[in-house]
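> Chain by chain, the residues run as shown.
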Amino acid sequence: MLEVRGLTVRYGETLAVDGLDLTVGDHEVVCVLGPSGSGKTTLLRAIAGLEPIETGVVLRDGADLAGVPPHRRGLGLMFQEHALFPHRDVIGNVAFGLRMQRVARDRVERRAREVLALVGLAGFEHRSIRELSGGEQQRVALARALAPEPSLLMLDEPLSGLDRALRDDLAGELRQVFQRLGVAVLLVTHDHDEAFALGDRVAVVRAGRIEQIGTPVEMWRRPASEFVARFLGWNVTDALGARCAVRADALRLTPDGAFAGTVVERTFHRDHFLVRVALRGRDETLDVAIRDAEPPAPGDSVRLAVDADGLVPLAP
Amino acid sequence: MRRLTWALPLAFLGFFFVYPVVTIIGRGLWPGGNLDVSPVGDVLTDPGLRRILWFTIWQAAVSTVLTLVAALPAAFVMARLRFRGRTVVRALMTVPFVLPTVVVGSSFRALGFGTSITAILLAHVFFNYAVVVRAVGGLWSHLDPRQEDAARVLGATRLRAFTSITLPALRPAILAAASIVYLFSFTSFGVILILGGPSRATLETEIYRQTTQLLDLRLAAALSIMQLVAVIVLLVVTGRLQGRQAVAMTLAPAGEAARPVRERGDRVVLFAVLASAGALLGTPIAVLIVRSLDTQTGFGFGFYRALGTLRDDSVLFVAPAEAIGNSLLYATAATVIAVLVGGAAAFVVARSRHGGVLDTAVALPLGVSAVTIGFGFLIAFDPPIDLRSSWILVPIAHALVAIPFVVRIALPVIRSIDPRLREAAAVLGASPRSVWREVDLPVAARGLLVGGGFAFAISLGEFGATAFIARPDRPTLPVVVFRLLGQPGAQNFGAAMAASTILVVLTLAAVLGIERLRAGELGTF
Chain A
1 MLEVRGLTVR
11 YGETLAVDGL
21 DLTVGDHEVV
31 CVLGPSGSGK
41 TTLLRAIAGL
51 EPIETGVVLR
61 DGADLAGVPP
71 HRRGLGLMFQ
81 EHALFPHRDV
91 IGNVAFGLRM
101 QRVARDRVER
111 RAREVLALVG
121 LAGFEHRSIR
131 ELSGGEQQRV
141 ALARALAPEP
151 SLLMLDEPLS
161 GLDRALRDDL
171 AGELRQVFQR
181 LGVAVLLVTH
191 DHDEAFALGD
201 RVAVVRAGRI
211 EQIGTPVEMW
221 RRPASEFVAR
231 FLGWNVTDAL
241 GARCAVRADA
251 LRLTPDGAFA
261 GTVVERTFHR
271 DHFLVRVALR
281 GRDETLDVAI
291 RDAEPPAPGD
301 SVRLAVDADG
311 LVPLAP
Chain B
1 MRRLTWALPL
11 AFLGFFFVYP
21 VVTIIGRGLW
31 PGGNLDVSPV
41 GDVLTDPGLR
51 RILWFTIWQA
61 AVSTVLTLVA
71 ALPAAFVMAR
81 LRFRGRTVVR
91 ALMTVPFVLP
101 TVVVGSSFRA
111 LGFGTSITAI
121 LLAHVFFNYA
131 VVVRAVGGLW
141 SHLDPRQEDA
151 ARVLGATRLR
161 AFTSITLPAL
171 RPAILAAASI
181 VYLFSFTSFG
191 VILILGGPSR
201 ATLETEIYRQ
211 TTQLLDLRLA
221 AALSIMQLVA
231 VIVLLVVTGR
241 LQGRQAVAMT
251 LAPAGEAARP
261 VRERGDRVVL
271 FAVLASAGAL
281 LGTPIAVLIV
291 RSLDTQTGFG
301 FGFYRALGTL
311 RDDSVLFVAP
321 AEAIGNSLLY
331 ATAATVIAVL
341 VGGAAAFVVA
351 RSRHGGVLDT
361 AVALPLGVSA
371 VTIGFGFLIA
381 FDPPIDLRSS
391 WILVPIAHAL
401 VAIPFVVRIA
411 LPVIRSIDPR
421 LREAAAVLGA
431 SPRSVWREVD
441 LPVAARGLLV
451 GGGFAFAISL
461 GEFGATAFIA
471 RPDRPTLPVV
481 VFRLLGQPGA
491 QNFGAAMAAS
501 TILVVLTLAA
511 VLGIERLRAG
521 ELGTF
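Just so you know, the protein sequences line up as chains A and B, in that order. Counted from 1, the first sequence has number 101 at position 101 by the numbering used here; the numbering is strictly sequential. Counted from 1, the second sequence has number 265 at position 265 by the numbering used here; the numbering is strictly sequential.
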């Protein structure tokens with residue numbers, strides 16, 4: 001189990017991580033979700049011992065890691081853009097951590113091949129890193145981090161920089177690997193699809209602090225603040241009397257809807273349209289998700305109704 | 001580890017560079033423990049010495065102008081025109097720069113120039129051609145040709161577009177190249193010694209003459225101080241000029257700026273450059289090789305065979321062929337020293353906040369000339385610190401000259417090591433020492449290997465320092481060439497040609513090895 005209490009990391013004047021508390025239980029996958037510059041990477045680096053901590057503690061199974069250098073922490077970190085060793089082949093990368101533990105040579109070899117097979121790269125042992133595609137490099141990086149069986153696996157934006165179809169495939173593979181190994185995982189990302197797909201719990205961070213933490217379902221049902229709501233793509237509106245968050249698919253176009261407005265923009269999103277409606281008499285717009293085959297076009301007048309289960313009042 | 005990487009280059013420079021230089025200054029200005037500037041005054045007032053100083057200055061200036069005139073068109077061709085065999089031509093143009101100075105000297109003697117000012121100037125152009133092509137052509141190939149196109153579209157003539165757009169952009173590179181050529185010509189030693197004859201001396205050759213023939217160490221020290229001051233003034237002035245010239249430019253990736261040869265004008269320039277480069281750079285080497293084979297009894301390897309024996313009337317103490325072994329041994333030792341010290345220095349420069357200081361410090365021996373190093377060794381490592389009987393002194397002097405090159409070559413490679421690779425290794429359980437062994441060293445190795453190749457080539461051809469400190473019974477190849485050229489007779493001349501040709505072959509082998517390594521992997525990380 002990993003516990004972070006009151007962690008603060010300072011870069012000059014700014015606090016990259018600001019008094020952050022977080023726990024990752026054994027076998028638990030926690031996703032830290034936040035926009036770029038919110039301190040996600042710094043959090044991982046601080047836990048790994050690569051970044052000096054101003055205040056706070058990092059505990060692994062109750063033991064304080066202060067003063068323990070990175071190479072003795074027994075944690076795994078998969079870097080953004082992978083940081084694979086260019087002068088070693090695939091198996092040379094995967095075996096590296098085991099060699100550093102002075103594992104016997106034949107066991108190193110066996111274990112490295114085993115992990116490569118786990119990530120679907122059996123037969124790639126002696127390929128050069130430079131010949132690999134982005135997705136293959138990502139798998140090698142995962143195998144390299146997993147091979148020494150770290151007590152906690154940390155992943156920094158593991159799927160960024162890959163094209164969409166590949167991301168979806170690899171996200172599925174990651175989930176399977178996490179389940180099969182039962183390893184504790186701390187993953188940071190700016191992509192909420194990724195966080196919600198992979199995390200047992202999701203923590204939304206903003207400026208080095210956790211805004212909200214909970215299971216994906218809790219989070220999706222009740223965003224705790226305007227920031228979280230907006231970040232998850234909810235509408236935030238005052239049209240209902242008080243400040244509320246409204247999910248785009250909780251708004252319906254219906255002739256007897258309570259709100260009148262005009263369509264100003266229509267965009268296509270894979271399995272639905274998103275229609276932006278300017279409310280009549282108010283200086284605000286609402287995004288409406290529509291799955292009909294015949295969505296309204298810009299300029300059309302529409303009326304909107306709200307489903308109560310997609311409506312969350314926000315604290316003023 | 002960190003402390004050792006600082007300590008090694010500093011200790012090496014301190015003992016083998018600062019100490020000898022301080023000894024020179026002491027010998028020149030504090031003879032017998034009292035400050036006495038009269039020898040330096042003598043240099044400035046003695047008409048003979050003033051003539052030497054003046055000759056040193058003007059021959060370097062003329063050499064620089066001639067080199068620019070000859071090489072700037074070649075820089076244009078290499079940067080802007082795409083033609084078949086371009087890479088081969090580029091490699092061939094670089095060859096003269098790595099050739100030993102005594103080989104350059106003996107090649108121009110082979111051409112039949114005898115000792116003359118023309119021969120000196122031509123040899124300097126021959127030697128420095130590549131400096132201008134590389135420095136100016138390098139920048140030129142990164143200049144966006146569309147800027148000139150834009151000027152043309154806006155109504156500028158071709159000439160106007162060149163003088164108002166391209167030339168100002170090239171100025172920093174031209175200035176840098178010119179100052180390097182001037183410095184090299186100013187401190188030229190082997191070429192002047194071989195092609196100048198007794199009547200033409202520069203500061204460098206005069207230091208040598210005063211030391212070895214007239215045994216006036218005090219005057220030699222005074223001349224060395226003059227030389228030091230002149231070089232420092234030169235470096236400061238050119239540094240200032242370049243600092244003022246530096247402008248931010250938008251640079252295009254190299255190669256995109258080159259265009260295929262289509263227009264008539266391009267064809268004429270290309271032909272003129274290739275023909276003149278061939279004549280200027282190719283002829284001396286070709287004639288050298290021919291004359292090494294042209295014995296009194298027809299073509300053959302007679303002169304090469306003669307290198308194996310020590311003739312009774314020889315000025316040498318050993319058979320010339322032994323010098324090949326000496327040269328290879330010294331070059332190997334110099335390479336090891338230069339890679340160790342230069343590699344450590346490169347890591348410090350790349351990683352340490354105050355590393356820039358060391359970068360400048362290791363470049364100093366190159367700037368103050370090999371002759372100063374040789375002369376400094378000669379007077380500093382006399383008893384009580386007696387190292388003169390040890391053969392290791394020669395490779396150490398060579399290493400001093402080679403270290404700046406090793407640092408320059410290794411530095412970009414070390415800087416290219418992504419810090420996250422080191423962090424990734426640490427998180428995977430590698431201790432700082434293991435990170436160094438597993439990440440830094442393997443990645444830097446190729447840069448150090450290439451630097452080592454250069455160190456080897458430099459050591460093979462080094463003459464300025466070697467002339468002072470090589471023991472008569474352990475000469476290097478350049479020393480043998482020089483001694484043989486100084487003797488009359490066709491046999492000696494032929495042997496000098498043969499020994500020079502062997503030097504050319506050894507040097508080219510080292511350089512080709514480097515090119516292969518470079519072409520392979522370097523810079524692809």
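Fair warning: there could be bad hints in the mix.
Stated by the list, open to error - Here's a subset of chain A near chain B, in silico, CB distances under 8 Å, partners left out:
#: 1; residue: 71
#: 2; residue: 75
#: 3; residue: 96
#: 4; residue: 196
#: 5; residue: 197
For the record, the hints were derived by calculation from the structure and aren't laboratory data. Beta carbons: idealized from backbone N, C-alpha and C, even for Gly.
> Could you tell me which of the hints above the structure violates, numbers in ascending order?
4, 5
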